[in-house]
Each structure stands twice: as structure tokens, then as C-alpha cells.
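Please take these sequences and the hints and turn them into a complete structure.
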Amino acid sequence: MQVQLNTIHKQFGSLVANDEISVQFEPGRIYGLLGENGAGKSTLMKILSGYQQPDRGEIVLNGAAQHFASPRQALAAGVGMLYQEPLDVPVFTVLENFLLGRAHDGERPQQSAKALTQLAGRYGFQVDPHEHTRELSMGERQQLELLRLLAGGAEVLILDEPTTGISAEQKDLLFASMRTLAREEGKTLILVSHKLDEVQELCDYAYVLRKGRLVGGVQLPCPNQELVDLMFDELAPRPARRQPASGDVLLHLQHITVRTPRLELEPVSLQLQAGQVLGLAGLEGSGQELLLRACAGLLPLSGGSLRLGGQPQPDWDYPRARQHGVAYLAAGRLEEGLIAGLTLTEHMALVSNAHGLLVDWPQNRQLAAQHIATYQVVGQPESYIENLSGGNQQRFLFAMLPQNLKLILMEHPTRGLDIRSTDWIWEQLDQRRAQGTAIIFLSADLDEIAARSDQIAVFSGGRLLRSVPAAETTADELGHLIGGAL
Amino acid sequence: GGAGPSGEGFTFGMILVGPQNDHGWSQAHYEGGQYVVENLPGAEMIVFDLLNPADKPEATLEGVVDEMVAQGATLIFTTSDEFEEDTTTVAAKYPDVVFVNVSGDDALTGEAPANLSNVMGRMEEMKAIAGCAAALTTQTGQLGYVGPLINHETLRLTASAYLGARHCYETYRGESGDDLQFTVSWIGFWFNIPGVTSDPTEVTTNFLDTGVDVVLSGIDTTEAINVAGQRAAAGATVWAVPYDYLGACDNAPAICLGVPFFNWGPDYLAIAEAVVEGNWSQSWLWNGPNWDDLSDLDSTSVGWLNGPGLSEEAAANLADYISKLASGEVAVWTGPINLQNGTPYIAAGAVGTDEEIWYLPQLLEGMQGPSQ
Amino acid sequence: MSLSKTRLERVWPLLPGLAALLVTTLLLLAMGTSPVDAYSAMWQGAFGTSARVYSVLAFLVPLLLAASGLLLTFKAGLWNIGIEGQIIMGAVAASWVALRVQLPSGLQIPLELLAAMAGGALWAALAGVLKTRGGVHEIFGGLALNNLAILFTNYLIAGPWQPPEGGSFRGTQPFGAHALLPLFENSRLSLLSLALAIVAFAGVALVLTNSHWGLRLKALGQNARSAFLLGVSSNREMLLAMAVCGALAGLGGGVRVLSWFDSLRQSISGGIGYLALMVVLLAGFRLVLTPLVAFFFSAVLNGSITLQLRTQLHSALGDILTGVLVLLVLLFGNYERVRRAFRRRRSQADG
Amino acid sequence: MDSTQLIAIFGSILLQSAPLIIAVCGETISERAGVINLSLDGSLLLSALAGFAAALLTGSLLLGFLAAAAVGAVFALIVAFGSLHLRQNQVAIGFVLAMLGDSLSAFLGQNYTRLPGPSVPAWHIPLLKDIPVLGPILFRQDAVVYFALLLVGATWWFLFRTRAGLELRSAGERPEAAFTRGVAVRKLRYIYAVLGGALVGIAGAAYSLDVKIGWAEGHTRGMGWIALAIVIFGGWSPLRGALGAVLFGATKALATVLQRSFPQVALVAFNAVPWLLMILVLVLVSGRLAAPLLARAPAALRRPLRGLLQAAPPAALGQPLDDN
Ligand SMILES: Nc1ncnc2c1ncn2[C@@H]1O[C@H](COP(=O)(O)OP(=O)(O)OP(=O)(O)O)[C@@H](O)[C@H]1O
Ligand SMILES: Nc1ncnc2c1ncn2[C@@H]1O[C@H](COP(=O)(O)OP(=O)(O)OP(=O)(O)O)[C@@H](O)[C@H]1O
Ligand SMILES: [Mg+2]
Ligand SMILES: [Mg+2]
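Chains as they are written, first to last, in this note's numbering: chain A, 1 to 486; chain B, 1 to 372; chain C, 1 to 351; chain D, 1 to 324.
No wet-lab data here; the hints were simulated from the structure. Even glycine gets a Cβ: it sits at the ideal position worked out from N, Cα and C. One should not assume that every hint holds.
What the hints assert, rightly or not - Beta-carbon label-pair distances, calculated as ranges:
hint, chain 1, residue 1, chain 2, residue 2, range
1, C, T6, A, P402, 44 to 52 Å
2, D, L301, B, A236, 41 to 49 Å
3, B, N338, D, R302, 53 to 61 Å
4, D, K129, C, G32, 46 to 54 Å
5, A, P314, D, P320, 42 to 50 Å
See the structure below:
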């Protein structure tokens, strides 16, 4: 199906997210959509898929102008979108998720289940209709969504950053099916991604957005630098990574186990030196989160022992961890870390000095202003934190970290951030590392793990599969490991 | 009293603890007040109901009286023992206004200022009649009594009902009084307060589920007769005796054996007339029924009205019992009477004194249910 | 969007008040009562004489104390419905001292007030612990504790604390004069308690605007998880907020038994706690508005006594007026949201 | 106590639980769709009054129930409108409505206090009523009880076995997902909140026309809050919720029996039972206690125990819709 977007315009308040964008997508081809954070990629795709309505402009499918009031209408017209975080209902079974919103004409659930398994088989996916969706891996949930869209008659498929958090096998499977869909079934595919390599590998053509405008289209493959030049005004060269400092043993885990209702972490033993970076790789829900949270004192150890700086820590909990110079940064910034409804100054006051009775507002305001300057945050001391962009929120989170930390624990430190912000954050971390701060982080981005860690621990099914020096492995190899292959 | 004085320009206040239409205690007072209005042409009544901290935390007796006096009231009825102390206080504040507190005893003990009287109806014998009617009717020999809270008044009224029941069970049915089961369940207050008291609907239901076929109500409201009426409509053979409001039988006439009631009108009218005529003087009234006609609303202070549910035979026996009570041939509180714990209370052949009856410390031997 | 407010926008906050007035006026007309008479009776009842004004102020004291406490718990994101029980337990604790301790007034009264605060704080902490340790939402824990507090009072006044002449269920015997708060001009108003309420409110205002603790509560209320990760000990702060709120409510309960009444009565609070919740909701959690709204509520309720006496209308009318007002303000008080809601309605196909 | 008495007691427990069961089903439906209707206590009171007054005035029980349902529906509609259109806090609106329903019922009900009025007639089902034990308990009741029992089954079936139920639950679990699949989330939330409210209204009339016939100020006060707690205890399932309602009724009946058997125990102790029970049960089903308990339970017991103890509320319960 041929898709034409004509002078699409969308504004949020005074912010122009899409500025008169006109693009065209041809059937049988795979398109990349690129741009830095906030460039307007998702907005454009949400408009195409009926999730949002444009202020101006039109959508033309196979020559016919369309108006979508809802995603349902878009799908009926043949446009389906796969969101980064699969938009399914976790407590439902696979079949229920498949049924929800599916036109049925009196089809019985058993028949639907059969249709689902058949369709899955066509693309090499395996699904159990009666499993609970929350038990599935991110990749499997994505497959399910894809099947649902196909069953709904999608001719145009949009995938918004689909490869975060899935294993190499699943990624290969996904790309293979995308190629089948385009080449053999003549569908139109659009891939939104920050990963240039993936776009190069898969796509035929790339559109690049910057600050709400379409700044160009490029036939692929092409040199990466060409894309980067289009995406950013200018990009500082990636700083060289400093050598790992070999310090004393900071953190020593001996046979620690963690038990949650959903998953048990089998005994893990690890050592981490001051200044060292440990990357945790694994599919979502493989146990690496449990390890990280246990280190932060957010989950109780159900066995084993934890030593920090040689000291055994029998009653390890989060307040204690903070006292010992351990910081924890969760993935969801506004859910776990920042507080919507509080200004930057209030955040400063909250973390700066909890001892005195009364708050010294002028002083905290000044402190906030200082941090804003140092960390290049776009915002004012009086800004409410939720009004900052994601990248700036992340910067401010870093700004609030105390000095002289022993250990920083992070979940997805750069998830959703563009290359520029990502580089900036790792630069900050590098400086901390040079001062002897050790880092443990987990990420769904295996390139990031391979590139930034000194040591990598790979998890699968609640087990520490392997711990390897980063120099001895590659992202590709990790991708296969996290799928469970030894 | 058409021949009585004129009430032109006379205003009196009526302060009620519950709603004026509760089909119980408060409504009986309210209607007593209306009786005054009807019989004292031109008299005006100002009513304030639901004066209790739960319903009106912002209201106080004093504030209400202030306003009533400001509106010209020269006589004020405070119709609950809850108001006893506050009435004494405001009576001192307004010496020119006459206060009548219902069921208090300050006028008797001398704590009251000169402008304060007490009134109460002598309900004990009426309760005995109620008990008698129940005993004459029961087929299972099991009576259930839905009691309010435990105090001297409720203990003696409940015990009176039991004594009447036992007497009639033996005298007219020829059964042994020991075979009569009389169970008391206290709900915790004069009426149902959801979440705080036991629910009288559930208490009654439970009675009827466990073999009781006549329920007597000791509370201000009509749940017992409602439930019994519902059961009867569904085919069960059960009866009820409500309490303290004349019209209570209306809720389920077919199974109502009768109702012991307060009739405040005549007493209130007498007081109002005395105030209007300027010859009122302090008194402590504990008025009994008009034994000649227990349901003559112009004369009796307390009374008994047969209900449609009472069989002819039972009615005849009950009439006999009433006439014997009236003549003094039979006294409700005739010994031997033992307390629930077995302690002898009134010796064989003796008749309980007013004081013994008034200050009954616990239920009686033969009655089941808590005394404390 | 223009910066200058439209005329509609400027008068908007007054509209719910007018609408509530309209609703009650219609009710009055339906009952066949002249609204003018009714409202003037209410005004007279609240402000007609100095005695009335004292009564309004006396009733205001526990209401303002409770509302001040609620500002703290609401800030921490807690629905402290248990405030009613906290008032009651404050009254119980004060009564305990009043009945069992014999000291000169200068010591007795402070001891009673402290006990009242402790009683309320304890009961609130119980709801807090049920939440933090037991996972019971404070609405349900609080509600259950309210009823338990009422039952406990009933047990005391019908049982161990019954007056010597026997339990009438009305209350305990009156406390000695030395145990009661000194009253102002024969009213039920204790100036000391009024001063305490004002100080309490000012303290709460200071805490909320300028203290670290207030900031922590705000953080907790906005996002407990983030606050915890930023080092706010959520359980401890929650408990503390509950306890302080309970202490203020308990103090209100103490004032009830030591000045409004002179003994512990059943239903000693009679819904003042729920009323305080309404006050804070109507004030929209705003500091400045809270005492004003509390005063307004107290005036309306006191006025409705006279309303009932003059017109023989049910005094629930006052509750209805306040209830409708709070509801309308909650629903329509925010001009922006209303405007957006109705605009969205027009533009959106999806129901 | 002999067996016929026991059977009679069980029958009464079922009757007395019927309004709670109906209200719990209504609220479960509403909350499953994502709307907390906290107004239950006031809504039950006002609908109890409306049901009684309408039946008394018209002489028609059916009209009584309809009037009550309308009152409950209007309350729910206000909650829904306030939260879905005006994006205000559901809990706050519900709380104010709970208070308002109480005072409105007191005001409007003045002239109906304790009047004798119509009540739902008993209706024994032929044949079934003669089944030993079960017959008298289940089938010698009246239309309200049968309605409650059928409602439990129907609600469960609707929620978990139909596509409409699937859409309902999706609106309460993940409205964004539902929206992308064409579920009209806002409309569904309106519909089911109002439907749930109407059922609550019917529960109110079930009190005033059957279980506690008549009207008096504060007639059903407290039952709304109990119903809300039972919805939690029921883990947002009508079956478990109904079980909770019956257990609650049974405990109260037990307290009534025990009060008579143990006269020396203070009366308040028995009246405290429902509230203590409420706390206990909520502690038991809360994650804080249930999770560690489950973790320690033997593996074989874990699944059934989890079914009984654990209850996650619908994930989007009480949250406003995020419509761009
Ligand atoms: N619902 C909304 N309300 C207000 N602003 C919005 C909304 N959605 C997006 N924006 C803003 O519009 C701009 C474009 O956002 P969009 O999500 O399209 O960017 P993007 O290119 O997908 O970025 P990313 O790479 O971070 O996903 C951003 O500045 C964003 O903050
Ligand atoms: N917002 C939250 N999110 C997740 N977990 C929390 C949160 N708040 C508290 N907890 C958990 O509850 C436990 C106790 O929290 P917190 O430290 O606030 O309580 P505390 O009063 O300090 O407790 P204690 O006195 O027992 O140390 C912690 O172990 C923490 O994991
Ligand atoms: Mg995006
Ligand atoms: Mg009131």
C-alpha cells in the first residue's frame, strides 16, 4: 500500500512537533525514520496510525485521502503500529490479547486460537494461546502484537524502536519476518530507530527528521556519517574511553540469592573493583534486575552475603546503601527517581540537606541554578521536573547524585536517549569512574553493554550464565548468549 | 378539654432526642405535644428533633433552649434522660421558663431548681401485660425480647414482661413456668445505630430462626414487628409485640398482639394548662394508666392496646389478667423472685416495693441473656 | 491562549457557590419555605448574637484542628478518613486523665491536652501501621478504627466509667471544675483552645511551606516510590504525618470533652472528622482557604439549628448545602479543566 | 440447636447477604472497568430511600427497584463524569457523594421514617425447595436472593467469558492498549460505572424493600464501606466477592448467637467483630502479608493459596484517561 503524508502539522502548545512534513512510502519496501530525541518521529507515526490527529495535513493511502479518528480506524484502513513497549494487557492470556479488538463475526475462541497459531507458524513464531502475556519475553510480546496487526489486515506496518530488550535470535527472527512481509507480501514497513547499524542493515531508504522538520531522505546503505550529519547540527567526537582503574575490591557478592514471587535468582558470586564498570546483559526478567536491586538494598537477599569495602553487610537495605555511598538510578525517570509536581529547586532541597528544620529556599535555588549550568540542563530552577524533556530529566538526575560515590547502580541509563545525550552521560560516568566510583548497569542495548563495560555478566532464566571481560566478547555474541545459548 | 383555658399567645418547646417520626419514643412525645396544640386553642409548638451528638455535633441543649426562649417559649419539654443534667443547668439560666424533663429524677432528689419538673410513665404493668399476651399466644414456648441497652429502667421493664409472661403461662395455660423460655438480646442502644449497635433486624431474625415464635420489642423502633410480619407473610407462624408508640401495630397488624404505649398528651396538656393559668408548681410525676380504660387517650399516661393478632381466647384471658392487675388482686412483682444469679430478691408472698423495682440490679432467674 | 483572563474565567470560582445556593433554594421552595426567611434564620443563628458567634468559634476549634492535621496527611498522599476515630480517642484519653487524675488546674489541663494528643496520635499511628506494615488502605483501616473507637467509648461510658447512679449511656459523670477548660463569657468557647487551634494551623502552614519535613511529605504524596529512592523514609514519614494529624485531631477531641461538653459522651465527635475532610476538599488543600472554609462550615451548621427552629425544616439542609457546594467545587471549580473537557467533547468522536 | 434451626440460620444469612452481594457485584464491574465508585455508602442510603418511597407511593415493587437503580446510576454517573471528563480525583468525588447521599437521604426521607410499606414477597421454588438442606437454604427465599445469586454467576460469566467482558477488563487494566484496539474506553467506563451504580441502587432497595424493610435515617449506614472492602477481599471477582459477603453475614450471625451464649462478654465485643474482621481480612489479602506467606508455603499449596489470597486491583483503577 502506498502511503503519502502531505504537509502534516502538529503542535503541542507552542511546541511544533511536526512542521509541515510531507513524505511518501512505497509498498514492498522498508523505510527507516531517524532523528534525535524529540525530533518528532513518534508523533508523525502516531498520526499515521490514528493514535493522534494532525492539526493540518492529510494522509493518503493508495491515492485516497483518509481521516483516522482512532487506531482502530487506521488498522481497518490497513495501517498498524507496533509500539516500543508493546501495548498489550499483561494480565490477559495471549489469546485474550489477540481477541481484544478483533472483529469476530461470531468466531469462537477456539477458532481464533487456531487462526493465531497458524499465523504465527507462517512467520516462524511460536505462541501458546493460553499463556499469560506477562510471562512472555519482550520479544514474544512484540511478535504477538505483530501477529495481531497482521490478522487485523495491516498493509502498512510501523515499528517504533522494536529491538530494545530482545535477544539476537528474536531480532533476527523479527528482521527476517519484516523482510518477508515487504519482499514477498508487498507490505509497506517503517522502522523508527536510533540504531544506525540496524537501519543500514534492514532498510532501503531513510527519512531524517530534525526539530519537527523533514531534513532529508537517503538511499541506503550509505556512510553512517551522512545520516549523523543530517540528524545533528554538530556532534562532538566520541571521547576515548579511559582505561579501567584497577582498584581494591569494592563489592563482593558471595552466593547471593534473591526470591520474588515471579522469579528466583540462583546463587551469584561476583567481585567488583573500585572504578570498574560491570554490565549486566540479559533479556528482561532474566534475573539481572534482581541482582541490581539487591545490591541497592531494594530487595532482600534470601541467601548469601554481600560485602562492601571488605565489610560484611548483614542488614543491607536501601537507606543503608545510600549511607554507604551507593546510588541507584531506575529506568523510569518520572516513576522512580524524579517527582512530578516538584520544581528543580524543590528537588535540590529534598536531597541536599534534610537535617535543618526549615528550608533555605534562596540557597537551594542557587544550588539548582549551579547544577543547571554545570550539567547543561535546559530548564529553570522554578521549572517543574515533568516539563523537562527526557534527556534533560536524565541530566538532572545525574546532577542530584552526591559526590564521592562508591558505587552507582543503573537500569537502562540511556534508554530512549539519542546519541548525543548518551555520549554526554557516559562521559559523566567516566569522570566518576576515574575518581574510583564503580558502576553496575543493566541495559537492553547490547552495543552499549559491550562498549561501556569492563566486565560483563550474562543472565538467563534467573541464572548468572557467564561473566566475561568485555574485551573478550562482542555485542553479537552477547545477543546469542542472552537467548540462553551457552 | 374544650372547656379549658385558651392557649392564645402561648408557645412551648419540644426537644426530642430522635426523629419526630420514629414510630417510637420521640414520636410519642411529639404527638403528646400535638395533643396540647389541639386541646389548647392557639398554642404553638416549636420542635427540635435529633438533638444528640451523633446527629448534630454542633447543637447543644442550651443553644436550642436559647433560641426557643427567644421565640417566646415559656414551657419546654426535654424528652430524654440524656438531657437531664443540661436541663437542670438551663433551668437555672431561665428561671421564668418552665422546664419538664422526661424520665429524670432531679425534681425528686431536690437537685432541680424550682422551675423544673420530671415526668415519666409507669410502664411496668403494661410490659407485664405485653409479656402475658406473648405467653398466651406462643406455640413453641419460646419468647424473644429485643432489648435496648442495659440500665435499671430497661432491666425492670424486661423483667416485668417476663413476670407477666410467666404468670399467664402458668395461670391460663396451665403449663409450668419453668418450661417457658424467655431470652433477651440487647442491641446496645434505644435504636439501631449501624456499625455500633447490633442490628435489631438480625437479632429478631435470629430469634425466629431458633424457635422463638413471639418477639417482644424493648427498643424504640419497629424492626421486630417488621421482621415478624415479613416471616408471617412467608408462611411462618410468628407474632410480635412492639413497644412504646401507639401506632406501632400498623407495621404488621395481622401478627401484632398489642402494644404497650406511652401517651404523653394528657400529662403534657395538664402541665401546659397549669403554666397558662399561672398555677403550675414543681412536681415529680410517675403516672400510671387509667385502669378503667387502658386505651383512653384522653386520660391514660401509659396504656395497652390489643392487637389484631391476639386470638379471642387469649384476649379473654388477657382481659382477666388486666382486671386483676387493676383491682390489685394480682401484683406483677409478687415473690418469690430470685435474681438471675440465684440470689433471692423478693421473698415468697411479698410484693416488690417501688424502690426494689426501680433499682433492679439484674435480670431474673429463668430469664436468659446478659445482665451486665 | 491569551494571557489576560476572560471575564468568565474571573467569576468562575464564584459559580459553584451560586449553584449550591440555587440547589438549596430550590429545595427550600419545594418544601414550601421562603428562602429569604431560611437564609436570614441561618445568618441570625450564626451571627445574630454574641453568644452565637462564640458558639460558632467554639465549634470551629476542633474542626480547624482536624482540618490542619488533614492538610499534612493529604500532602503526604494519605486519605486519613480515620480522623473521626482520632478525635474520639483524643477525647477518651483526655477523659481518662480528667476522671483519674487530681491535680491543680494549671497542671491538670495541660496533662489532659497532652493525653488527648497522645490518644489521637496513637490511634492514627495504628491506621498508619496497618497501612505501612499490613498493606491495608488507610480509608478502610481508618473507617474500621472509627467504628471501633465509637464502640470503645460506648463500652467505657456504659461500663467502667459509668456514673455512680448507673449507666444511662449518655456519658460519664461530669468532670470536676478543675479539669475543665476555662470558658469565655458563659459560652462553650475556650479561648485557650482557640489559641491552640490557631497556633496549630500556623505551625502546619509553616511546616508545609518552609520545612524539610513538609517538603518530604510533598515528595511522598506526589510520588512515594521516587521519594523513597531519593532518601525519604516513606514508612516513617507516613507514620509521622498520621501521628501528627492524629495528635491535632485528638486535641480537638480533648477540647470537645473539656469545653463543649463536660464529660465523655457517646458519639463525642459526631462527624467533625468527616466535616474536616470536606473542609480541606472544599479549600482545595490550599492553606489560606482552610480556616476560612472551616469557619464557613461552622457558621452554616450553627445557623441551621436556628433554621430548624424557625422553619421546622430538617437540619440536614445545612449538610446538604455544604455537601453540594463541595461537590460542585470539586467537579467544576477548575476553569481550565472544565473548558478543556467541554472542548474535547465537541472535537472528539470517541465517546 | 438442631439442624432445622441451623438450616434456618443459613437461609437468613443468605437473605441478609443478598444486598451486599448485589452491591459487591456492581462495584466489581465498575472497578474492573477502572472506575472506583467510593460513594457506595451514600448511594445505598439514598437508593434505599428512593426504592422504599417509590414503592410506597406507586404500590409497585418494580418501580421501587427501578427508582433505586436510577439513583445509584446517577451517583455513579457523577463519579464517572467528574473523573472521565473533568479529570478530577475519583476518590474525592466519591467521598463527597457518600457524605451527600447520607444527608440527602436524611432530609428527603423525613416523611417516610418507619412507615409500614410494601415488601418483596417470599417465593418458594416448586420442587427445588424440597431438596434436603439446600432446598430450604437456597430455594425458599425471594426474588432478591435469586437475583443476587444469578447476578453473581452472570457477572462472572460476562467478565471472564465474553468479548464484551474482555473489553471491559481491558479498559480497567490497560486503557491505552484497549484504545489502540478500538475499544471506546471512555464510553465503556461510563457504561459500566453507571451499570455498577444501578446495581448498587438495586442493593439499596433490596434493603428497604426486603432485608430491612422500611426506611429510617441512616438505614444502611456502613454497609457501603463494608461492600467496598469486600470487593477488595473478593480480589475483584464476583465469585470471591459473593463468598466474602456471605462470610461477613455469617460472622455477624455468629456474633448474634454468641452474644446470647456468652452473656458475660461485653456487648461491644460482638459489635466490634465486623470491623475487626474487615481489618484482618484486608491485612490477609494485602500484598504485604500474602506475598511472604505465599513464598513460604509448600509449592503444592502455592497456587490455590494465591488464588485465595492474592488480589491485584485492575492496573488502571482510578487513573484518569490519558487522551492526547
Ligand atoms: N502529548 C504530548 N504533549 C506535549 N508534548 C508532546 C507530546 N508528545 C510529544 N511531545 C513533544 O513533541 C516533541 C516530539 O516528540 P516525539 O515523541 O515525536 O519525538 P521522537 O522523535 O519520537 O523522540 P524520541 O527519539 O525521544 O522518541 C517532543 O519535544 C515531545 O516532548
Ligand atoms: N515507595 C516505596 N517503594 C518501594 N518500596 C518501598 C517504598 N517505601 C518503602 N519501601 C520498602 O519498605 C521498606 C521500609 O521502608 P522505609 O525505609 O521507608 O521504612 P522505615 O520506617 O525506615 O522502616 P524501618 O523502621 O523498619 O527501617 C523498605 O525495605 C523498602 O524496600
Ligand atoms: Mg519516539
Ligand atoms: Mg448532621
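Taking the numbered hints from earlier one at a time, note which ones the structure violates and give those numbers from smallest to largest.
-> Going through the list in order, the structure violates no hint and respects every one.
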